[in-house]
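4 protein chains.
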Amino acid sequence: MTSQNPVFIPGPTNIPEVLRKAVDMPTIDHRSPVFGKILHPALDGVKQVLKTTQGQVFVFPSTGTGGWETAITNTLSPGDKVLATRNGMFSHRWIDMCQRHGLDVQVVDQEWGEGVPADRLEEILTADKAHEIKVVLATHNETATGVRSDIAAVRRALDNAGHPALLFVDGVSSIACYDFRMDDWGVDIAVTGSQKGFMLPPGLAILGFSPKAMAAVETAGLPRTFFDIRDQARGYAANGYPYTPPVGLLNGLNVACQMLLDEGLENVFARHHRIAEGVRRAVAAWGMQLCAKRPDLYSDSVSAIRVPEGFDANTIVSHALNAYGVAFGTGLGDVAGKVFRIGHLGSLTDVMALSGIATAEMVMADLGLPVTLGSGVAAAQDHYRRSATAMQKAA
Amino acid sequence: MTSQNPVFIPGPTNIPEVLRKAVDMPTIDHRSPVFGKILHPALDGVKQVLKTTQGQVFVFPSTGTGGWETAITNTLSPGDKVLATRNGMFSHRWIDMCQRHGLDVQVVDQEWGEGVPADRLEEILTADKAHEIKVVLATHNETATGVRSDIAAVRRALDNAGHPALLFVDGVSSIACYDFRMDDWGVDIAVTGSQKGFMLPPGLAILGFSPKAMAAVETAGLPRTFFDIRDQARGYAANGYPYTPPVGLLNGLNVACQMLLDEGLENVFARHHRIAEGVRRAVAAWGMQLCAKRPDLYSDSVSAIRVPEGFDANTIVSHALNAYGVAFGTGLGDVAGKVFRIGHLGSLTDVMALSGIATAEMVMADLGLPVTLGSGVAAAQDHYRRSATAMQKAA
Amino acid sequence: MTSQNPVFIPGPTNIPEVLRKAVDMPTIDHRSPVFGKILHPALDGVKQVLKTTQGQVFVFPSTGTGGWETAITNTLSPGDKVLATRNGMFSHRWIDMCQRHGLDVQVVDQEWGEGVPADRLEEILTADKAHEIKVVLATHNETATGVRSDIAAVRRALDNAGHPALLFVDGVSSIACYDFRMDDWGVDIAVTGSQKGFMLPPGLAILGFSPKAMAAVETAGLPRTFFDIRDQARGYAANGYPYTPPVGLLNGLNVACQMLLDEGLENVFARHHRIAEGVRRAVAAWGMQLCAKRPDLYSDSVSAIRVPEGFDANTIVSHALNAYGVAFGTGLGDVAGKVFRIGHLGSLTDVMALSGIATAEMVMADLGLPVTLGSGVAAAQDHYRRSATAMQKAA
Amino acid sequence: MTSQNPVFIPGPTNIPEVLRKAVDMPTIDHRSPVFGKILHPALDGVKQVLKTTQGQVFVFPSTGTGGWETAITNTLSPGDKVLATRNGMFSHRWIDMCQRHGLDVQVVDQEWGEGVPADRLEEILTADKAHEIKVVLATHNETATGVRSDIAAVRRALDNAGHPALLFVDGVSSIACYDFRMDDWGVDIAVTGSQKGFMLPPGLAILGFSPKAMAAVETAGLPRTFFDIRDQARGYAANGYPYTPPVGLLNGLNVACQMLLDEGLENVFARHHRIAEGVRRAVAAWGMQLCAKRPDLYSDSVSAIRVPEGFDANTIVSHALNAYGVAFGTGLGDVAGKVFRIGHLGSLTDVMALSGIATAEMVMADLGLPVTLGSGVAAAQDHYRRSATAMQKAA
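Protein chains in written order, with full-length UniProt numbering: chain A, 1 to 395; chain B, 1 to 395; chain C, 1 to 395; chain D, 1 to 395.
One or more of the hints may lead you astray.
Which chain A residues face chain D? A few, computed with CB under 8 Å, are given here [claimed, not checked]:
id : residue
1  : Thr359
2  : Leu373
3  : Ala388
Below, computed lysine to any residue pairings styled on SDA-like, alpha-carbon distance capped at 20 Å [as the list claims (entries may be wrong)]:
id : chain 1 : residue 1 : chain 2 : residue 2
4  : A       : Lys37     : B       : Asn322
5  : C       : Lys37     : D       : Asn322
6  : D       : Lys21     : B       : Met259
7  : D       : Lys21     : A       : Thr315
8  : D       : Lys37     : B       : Glu17
Hints listed in this document are in silico derivations from the structure and should not be mistaken for laboratory results. Here the structure is a predicted model, which is why all the values come from computation and not from measurement. Ideal Cβ placement from N, Cα and C applies to all residues, glycine included.
Next up, chain A with everything else stripped away, as it sits in the complex:
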């Protein structure tokens, strides 16, 4: 039923054997002390992955989308003003959610392929003398376009503007993949999920709240119960949970954090960068362009690759699945049909990446694109070879 090839979608990612087994648990009594011994190490592990010592972590049986909703409903009231950049499908969706919850979103539209424009945000924030903007939303990694934005720059924009707005960051496809620093960057809410850098099945929304975000909870007027972090906090304090917890996924999260921390976060990031760079060199060898406009925007989680004008990128994805049993990502929204995506996050080796690159070459050749078989593979091999020793030491 399921192919044994690795998947190259930008999440959910390939699940390591040890995490498969950690999640697959028999039923335990979640009101017994055993539960606390799973929950608290998982929460502590996430804190370390988020690089926060001051933040509090909350984990919901939900998804990244639920994480977005948790962020806004716990801190905002109807009519509150939010400043957000739209530069891809996922930043769009968070904006849409805000609007559906009655928030007043000031949208900064960027061409898809661009990042969050910190300078433009600074202008807007500076102009907002009345501090009506309560929150700035930023998508760290736009999964739809393979664009990494500079969150430290967004923080500087806020600071330069002397603006007290909260900074909420969607790190769904960046956290545990490349560098994320909740405390250093003054992130007030970080949102992620289980199925990307944590290499688990989907099913968890994972959030970090800064003390400032926690303070905002008391005055937030948007209704919420399932996503109310106060109920979670009360539960955790009693080694419990406000409703039936997803014990297996929490156990998996605990083990995933251990794996990441044992490897070392910087090594995890270096590993992602190395794999991603191989993919990018393959793309260059094919004579193709990334959707991301400039190297400083290139994502180490996913590459969105532009196809020639007039060619339907979706055919690459469907043919790869039908002919070779390999899953790539389609383009979404504004770039639908214009890009296909290779996910290279989570539990992926250079060897697996090469099989994805080789498959993409066969697919493009099958579909008449002028790609030389083996060309991208060779470029990636060259990169992986030269960088192998260092990686090996890290492994």
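Chains B, C and D: place on chain A using the hints.
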């Protein structure tokens, strides 16, 4: 880390081997056609389990609590009037959620151990000439007290009153355990989860919406995005999902429905009744009383057992865990310390039930309660023996 | 397909979750260094379980029967004389194997239910002035009759007779269940399997060879290749194996040994004794007799229970399976139809044992035997209660 | 602990998810009727895979080596004459086993890389007027050299010589990989294991016996008990087994046969040929030679690749493991250090094969061999692309 004894909590239940394996899936591309082949049979299976042909089924990566929120946020607006009975912790929590969402809840308080008072509801509905009450909430199985309420009677109350209110039923711990008839009883929204009668790990909120409930969605003013069934409906229509779906749990749900339907729902119900009746006979043999006031209120999912005045029921639960590695349920809310609960729902055999009964006897004897060792076991054995043959044919 | 009730056969035993997962491994390269890191800890662990520092351990992809064959073919030559006691089906089978391999077996027949008669062996060995007897075979735990023999006494018989024969012990259903002391008792070859005290699936023959047994290998004339321990020894020395090794089971063996040693062997034995004693008290409460003749012969691994004259014990086993989905053991050979067996070895809790006892009571009542429901359960409960605290500390 | 890259050793092979789960079973009572429902379909499935209607199948908890021993000990007596070809490590080992069991082996030595010389065998058989040769041994696929021999030609040699010797074939790494016809080719004993074409973990020796081989069992004088097929046959007839059966692996074998037969054996063979041909084209693109001397000898299970004179092939295998976490096979015996092997049997896709080819290229480049990165990949891609459609229909 985890005991190999069965659990006797009223959910999550013991997970059958085949469902463990169905849930434990490698990552697939949820945007590929494979996903639809998991999703749609699962949705169809749930429809059959709910006994609805007209309803639509929605499944969220969430819990029963998220299911409650889905029900109210998709159909109601702030200030809308809701009529609800409070007769235990779970009906209380749904009411609390409504209030936190700004609804105006008219609460009918019942002694814990009583069911939903259909006659009283009929009076109230009849008196509501202006039809201000938009929804009647009813908890089919109060997990906290082991009380089964008569949903058909609630429907008759609505009909007798000629009242157009919607009927929302919490069937979290009844559906797939004992008879539930969404269409026959005119249930507008049925709410359940994965971790009870469906015998899966927690992580899914499962809902059925009647056409009348679907119609109410269009005018509902409460904000929701994650729980918006319109996004779900659009996703399903395209063999997709509005965000990352919990594929393993959906696959498990599909297989669970097949198991239930292959066994035959009436056989599933008879099996639950048989196991439950054995537990009840044990309780009677111990000279103890159920929290449920009358036999027609006895739940086939869980029995809450009253302990003698002055005795702390929680010690039974903690001692069972510490001394014998067996999990029972504690009393919650008004009956905290006054009852302990034996869950007998989901994948449980007579043989397993006997081990739970035997453990309860040891525990109570250890704690000085006047229980004769073997007495409850003998009563249950007698029942299981006499009813074994019929069950065996059904198995 | 498979019942979720525990099994009560005298092996294979119930497999703990952690061992299920340890065995279920993806393929590794067994010629890589990873293999040695699985193999050697497993071998070392077995040595500790056998309580030997001088012996060498060998593990074959086979069963206990293959272990018997390994013992005789590596040490004996056609026509060699062997002294063996036959007191049950498994001692019988080892004798039969010797005869099929051309050995000259002097059989001491004992009534089934009796143990190995050390005094009689001493007489025979003393009379064997020419030391023609090369090996004494002894079955530590006769699985067919639930009889434990005194291996220390057999050693004393050899010593008293001043006889140099090797002592080979079938510890298949005793090792890792109750006390076994390879070095102290001067056992020259100990034979066991994976599926009893080690709680793993079947598939491994596990042997300890004393230095004296190792010396005998050089002169043994029976042909063997698959079971040749010299090939194994050469393989181990190179972190390898003479043919494709059963990596998953070896990994499981490693983890199983860790579990046993972490619990503490004496605690493991005490746990088995406690569970077994509960079963025996139940049998006494039923007014029935064990096949084992005297308390000093009672096995802590399995109880064979005599049924009344004229009653077919096999009907108990078949009815238990058909009506309640519970597996007990039938009688074998001379005691076929006369006994049924309750296995209580490996990963079994008091709670699980009570469910087996309760089932046996229902079955016997169903079949018209004069057993009072709950009587055996109560006797076992009483024992388990009184012994619970000490066990709890050990757990 | 274990890499998530596929393995490219010539067995054990990558285990499909569904077979992992089929093997990983809770304990069942192997004396219950459930066992027969696993055993007999597995035996029937193997018969179909062997393409025999007249043969009987036996399955032992052992390995291919145990299968060899089963073949000879059940049919031969000490001093019996056996004719065998030695053209690699595995044919050598079977010969060695015969000698250790006291058989008189006439060895036809072939250069490693050559196949079984049917013409030379015919000469010897024709010369054996007294019919002293009881058995001809032939290794269908020499795993050490990647050589496929022509078993039909060996049968013709026997027939042309009018010789009644039995024909025993080692099909360990051919059966379920490429065409094997037990009945058509007059194979008297076929030997294989679980861990190659059947895609299971190691642990089973699998044999087919022709009626003529069955007849030989009655007069065979070599001692055997564990491997005695008469005990197996008696067990099977009673839905049982002569000792504790490896139930999980048997269940896996049943499911594996279903998978193979559902795919269609000819499709399985075509799939292996396609994957293998891609590897061979890569080897040619590298300018390297196979160990197998001629195309008609090329194995579809494994390719042994000659390295340049003076280069140590083992460094390729160790570097691949250390630097990239990929397992290839080393050279064994006469070709140790001269070849490395790429296993391409069992559950392997074109995409996985490409990752192995790409890895080999990186490794060889790292070690200074004059291999152009991407060259072998491109050659294989070209082949896989052109053959994809047909395969896709078969999948």
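Can you confirm whether the C-alpha distance between lysine 37 of chain D and glutamate 17 of chain B stays at or below 20 Å? holds, 18 Å
20 Å limit on alpha-carbon distance, applied to hinted pair lysine 37 of chain A and asparagine 322 of chain B: Holds. Lysine 37 of chain A to asparagine 322 of chain B sits at ~16 Å (cutoff 20 Å).
Restraint status (C-alpha distance of lysine 37 of chain C to asparagine 322 of chain D at most 20 Å): Given pair lysine 37 of chain C, asparagine 322 of chain D holds - Cα atoms ~16 Å apart, limit 20 Å.
Hint validity - leucine 373 of chain A Cβ closer than 8 Å to any chain D Cβ: Nearest chain D Cβ about 4 Å off; hint holds.
Hint check: lysine 21 of chain D vs threonine 315 of chain A, CA-CA at most 20 Å. Holds or violated? violated, 34 Å
Taking 8 Å as the limit, does the beta-carbon of threonine 359 of chain A come near enough to a beta-carbon in chain D? holds, 5 Å
Take a quick look at whether lysine 21 of chain D and methionine 259 of chain B sit within 20 Å of each other, Cα to Cα. Distance of about 18 Å is within 20 Å: holds.
A closest beta-carbon separation below 8 Å is what the hint needs, so does alanine 388 of chain A meet it against chain D? holds, 5 Å
When held up to the earlier numbered hints, the structure conflicts with hint 7 and nothing else.
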